[in-house]
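There are 2 protein chains.
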Amino acid sequence: MARDFCPGYPAPFDALVADYPGEDVYPLKDFRVEWGPIFHRGRLDGSAKVLLLGQDPATHESISRRILVGEAGQRAQGLLAKIGIESSYVMVNTFLYSVFGQGGGNRHAKDEDIAKYRNRWLDTLLVGTDVTAVIVLGSLSKTAFSMWAETQPEAAARLHQAPIKHPTFPESASASGSTTLAQATADLHQNWNEALPGLVAHVTPDVPANPTPYSGTWLPGDLVRIPDGDLPAGSPGWWCDLDAWAQRPSGLGPQIKRATITVTVPTAARTWPPLG
Amino acid sequence: MARDFCPGYPAPFDALVADYPGEDVYPLKDFRVEWGPIFHRGRLDGSAKVLLLGQDPATHESISRRILVGEAGQRAQGLLAKIGIESSYVMVNTFLYSVFGQGGGNRHAKDEDIAKYRNRWLDTLLVGTDVTAVIVLGSLSKTAFSMWAETQPEAAARLHQAPIKHPTFPESASASGSTTLAQATADLHQNWNEALPGLVAHVTPDVPANPTPYSGTWLPGDLVRIPDGDLPAGSPGWWCDLDAWAQRPSGLGPQIKRATITVTVPTAARTWPPLG
Numbered sequence: 001m002a003r004d005f006c007p008g009y010p011a012p013f014d015a016l017v018a019d020y021p022g023e024d025v026y027p028l029k030d031f032r033v034e035w036g037p038i039f040h041r042g043r044l045d046g047s048a049k050v051l052l053l054g055q056d057p058a059t060h061e062s063i064s065r066r067i068l069v070g071e072a073g074q075r076a077q078g079l080l081a082k083i084g085i086e087s088s089y090v091m092v093n094t095f096l097y098s099v100f101g102q103g104g105g106n107r108h109a110k111d112e113d114i115a116k117y118r119n120r121w122l123d124t125l126l127v128g129t130d131v132t133a134v135i136v137l138g139s140l141s142k143t144a145f146s147m148w149a150e151t152q153p154e155a156a157a158r159l160h161q162a163p164i165k166h167p168t169f170p171e172s173a174s175a176s177g178s179t180t181l182a183q184a185t186a187d188l189h190q191n192w193n194e195a196l197p198g199l200v201a202h203v204t205p206d207v208p209a210n211p212t213p214y215s216g217t218w219l220p221g222d223l224v225r226i227p228d229g230d231l232p233a234g235s236p237g238w239w240c241d242l243d244a245w246a247q248r249p250s251g252l253g254p255q256i257k258r259a260t261i262t263v264t265v266p267t268a269a270r271t272w273p274p275l276g
Numbered sequence: 277m278a279r280d281f282c283p284g285y286p287a288p289f290d291a292l293v294a295d296y297p298g299e300d301v302y303p304l305k306d307f308r309v310e311w312g313p314i315f316h317r318g319r320l321d322g323s324a325k326v327l328l329l330g331q332d333p334a335t336h337e338s339i340s341r342r343i344l345v346g347e348a349g350q351r352a353q354g355l356l357a358k359i360g361i362e363s364s365y366v367m368v369n370t371f372l373y374s375v376f377g378q379g380g381g382n383r384h385a386k387d388e389d390i391a392k393y394r395n396r397w398l399d400t401l402l403v404g405t406d407v408t409a410v411i412v413l414g415s416l417s418k419t420a421f422s423m424w425a426e427t428q429p430e431a432a433a434r435l436h437q438a439p440i441k442h443p444t445f446p447e448s449a450s451a452s453g454s455t456t457l458a459q460a461t462a463d464l465h466q467n468w469n470e471a472l473p474g475l476v477a478h479v480t481p482d483v484p485a486n487p488t489p490y491s492g493t494w495l496p497g498d499l500v501r502i503p504d505g506d507l508p509a510g511s512p513g514w515w516c517d518l519d520a521w522a523q524r525p526s527g528l529g530p531q532i533k534r535a536t537i538t539v540t541v542p543t544a545a546r547t548w549p550p551l552g
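For the protein sequence lines, the chains are A and B, in the order given. Every letter in the first sequence is one number past the one before it in my numbering, and letter 98, counting from 1, is 98. Every letter in the second sequence is one number past the one before it in my numbering, and letter 43, counting from 1, is 319.
Only chain A is shown next, with the shape it has when bound in the complex (with noise of 0.2 Å):
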């Protein structure tokens, strides 16, 4: 079977993910350092168009070693889709490492060496390069682009900037207990509606863009699988699939919690003859 996968990191990416920050930037008490840096997903080769900026990789990102792969990822891969965009893009992350506990992002979102880190990867990516584009998800993610932005003002003068809502915005908004899920999907959906139009007038499309705006609940087509080419050599089908793969326990208290993560096929994956 032919597979595409990720290449990884060539020059100057290689540098970069040789010398990451660890725990003397990133607090273990406001990030799961433990885990190890997880850097980005996409184009590293010069085709990228379009820039994502995310948050923070979760539990299916600890796994996989590229960002945005769970909800999330697919969620922004559907916008991306919209757009006609389906290879020419890179995503990075505003953190390397999964924010742990309440406020811990909040806490760092204008910490100033987790920038300069940040910054040589947004200074590689963007700089003369072919990315006309950045969507920028969520706000902590818009206070690392403007952070970034006023280091390099000529280059971010010249790219088209889509602040919108970050894609599990429904679920932490309505966990908050300030809006239903229904009532923060619809906002979600016109507030990325909003963006559309900007984003196809600068972005190039790899295939002709069809921005059918959301309509207000998720359909199918709103989220895209992870193509195989993002994710490294040899990882299995389902790691890019819609079905969830990957959880912290409950029920066993916090340091286990934090301490694991259970991967499991998803059903629709379990094609091996019946067992016992």
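Hints may be right or wrong, so weigh each one.
[Unchecked claim] Heads up, incomplete: computed chain B residues facing chain A, CB under 7 Å, no partners named:
1. Pro313
2. Ile314
3. Ala485
4. Gly505
5. Pro508
6. Ser511
7. Gln523
8. Gly527
9. Gln531
10. Ile537
11. Thr538
12. Thr540
13. Ala544
[Unchecked claim] Ranges of calculated distance between the beta carbons of each label pair, as one might list FRET restraints:
14. Gly276(A) to His436(B): 25 to 35 Å
15. His436(B) to Arg158(A): 53 to 63 Å
16. Thr455(B) to Asp14(A): 25 to 35 Å
17. Asp113(A) to Pro503(B): 20 to 30 Å
18. Thr455(B) to Pro273(A): 47 to 57 Å
19. Ser146(A) to Lys392(B): 47 to 57 Å
20. Gly198(A) to Lys392(B): 21 to 31 Å
21. Asp519(B) to Pro249(A): 30 to 40 Å
22. Asn486(B) to Pro249(A): 51 to 61 Å
23. Trp494(B) to Asp113(A): 38 to 48 Å
Simulated from the structure, these hints should not be mistaken for laboratory data. Even for Gly, the Cβ is constructed at its ideal location relative to N, Cα and C.
Given chain A, put chain B in place with the hints provided.
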């Protein structure tokens, strides 16, 4: 922090990892195809002087996406250390996928379809390269190597061949009840000790060899940590460590067991502040 990482699959290996056999060649009844193929560990840049031919990947390997990372790999790494090889090695397995169930490996030991792809790797790694010796771990690997050697008799004749007991022979032999763990460990050590002089004589070491014989029981230093440079960029340090960190759940039935791997940060690596 600076940390080495495995750069992945340069040409001609990029074509090999993009075109691997799936369940048409490896039946789901006998192999855990659902976890994806796991190809190698070590140098693919032509610097390898020794090739290790292992058997099949297990739980740790299914997460780290490199072979011989768990207990067996750390014992093999220790053997390489004794012959002065710290980095100039490459490892591939007899099977791309983890063997499932009793007898699955034996049933496919002489499988020509499986050999076809495996031999492409062995051709690339052994014909016209700087590899001078092959360490063959266990009987299935010995069969696999013989199948390759028949197709490349001249290249095989130039190689020093060290067929030795598999690193987890003590556990597998004693599990069958025919011997004790202690006796099987002593047997393994005697077997490996017999191979040391030939390997020292036929391998140009990275550092001076120190082939102190194994004692009959595992001593500190017999197991060696997996080098950072063997795992993908950003892999957590504890993926290289001696403490086990991946397991299949027991007590939940064979279906869940096959579908699940639980990844747990070892106690020594839980350096975060105390949690609730």
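Hints and how they fare:
Evaluation of the proline 313(B) hint against chain A yields a held restraint, the C-beta minimum of about 5 Å falling below 7 Å. Hint on isoleucine 314(B) holds. Least Cβ distance to chain A is approximately 6 Å, under the 7 Å limit. This hint is violated: alanine 485(B) has a C-beta 29 Å from the nearest C-beta of chain A, more than the 7 Å allowed. Because the smallest distance between the Cβ of glycine 505(B) and any Cβ of chain A comes to about 10 Å, over 7 Å, the interface hint for this residue is violated.
Here the hint on proline 508(B) is kept, as its CB sits about 6 Å from the closest CB of chain A, short of 7 Å. Taken as an interface hint, serine 511(B) checks out: its beta carbon lies about 6 Å from the nearest beta carbon of chain A, inside 7 Å. About 11 Å separates the beta-carbon of glutamine 523(B) from the nearest beta-carbon of chain A, more than 7 Å, and the hint is not met. Residue-level restraint check for glycine 527(B) is violated (minimum Cβ-Cβ distance to chain A is 13 Å; threshold 7 Å).
Given the 7 Å rule on beta carbons, the hint for glutamine 531(B) holds: about 5 Å separates it from the nearest Cβ of chain A. Nearest Cβ of chain A to the Cβ of isoleucine 537(B): about 5 Å, under the 7 Å cut. The hint holds. Interface hint status for threonine 538(B): upheld, as the beta-carbon distance to the closest one in chain A is roughly 5 Å, under 7 Å. Contact between threonine 540(B) and chain A, as hinted, is supported at the beta carbon level, the nearest pair being about 5 Å apart and thus within 7 Å.
Taking 7 Å as the C-beta cut-off, the interface hint given for alanine 544(B) is violated, the closest approach to chain A being about 11 Å. In this structure, glycine 276(A) and histidine 436(B) break the distance hint of 25 to 35 Å, their C-beta atoms being roughly 45 Å apart. Histidine 436(B) and arginine 158(A) have their C-beta atoms about 60 Å apart, which keeps the hinted 53 to 63 Å range intact. For the pair threonine 455(B) and aspartate 14(A), the supplied restraint of 25 to 35 Å is violated, since their beta-carbon distance comes to about 48 Å.
Checked against the hint of 20 to 30 Å, the pair aspartate 113(A) and proline 503(B) passes, with Cβ atoms roughly 28 Å apart. A C-beta distance of roughly 33 Å is found between threonine 455(B) and proline 273(A), which places it outside the suggested range of 47 to 57 Å. Range check, serine 146(A) to lysine 392(B): about 55 Å between beta-carbon atoms, so the 47 to 57 Å window is met. The hinted range of 21 to 31 Å is not satisfied by glycine 198(A) and lysine 392(B), whose Cβ atoms lie roughly 52 Å apart.
For the pair aspartate 519(B) and proline 249(A), the beta carbons lie near 19 Å from each other, so the given range of 30 to 40 Å is not met. The hinted window of 51 to 61 Å between asparagine 486(B) and proline 249(A) is violated, with their beta carbons roughly 44 Å apart. Hint check: tryptophan 494(B) to aspartate 113(A), Cβ distance near 43 Å, so the stated range 38 to 48 Å holds.
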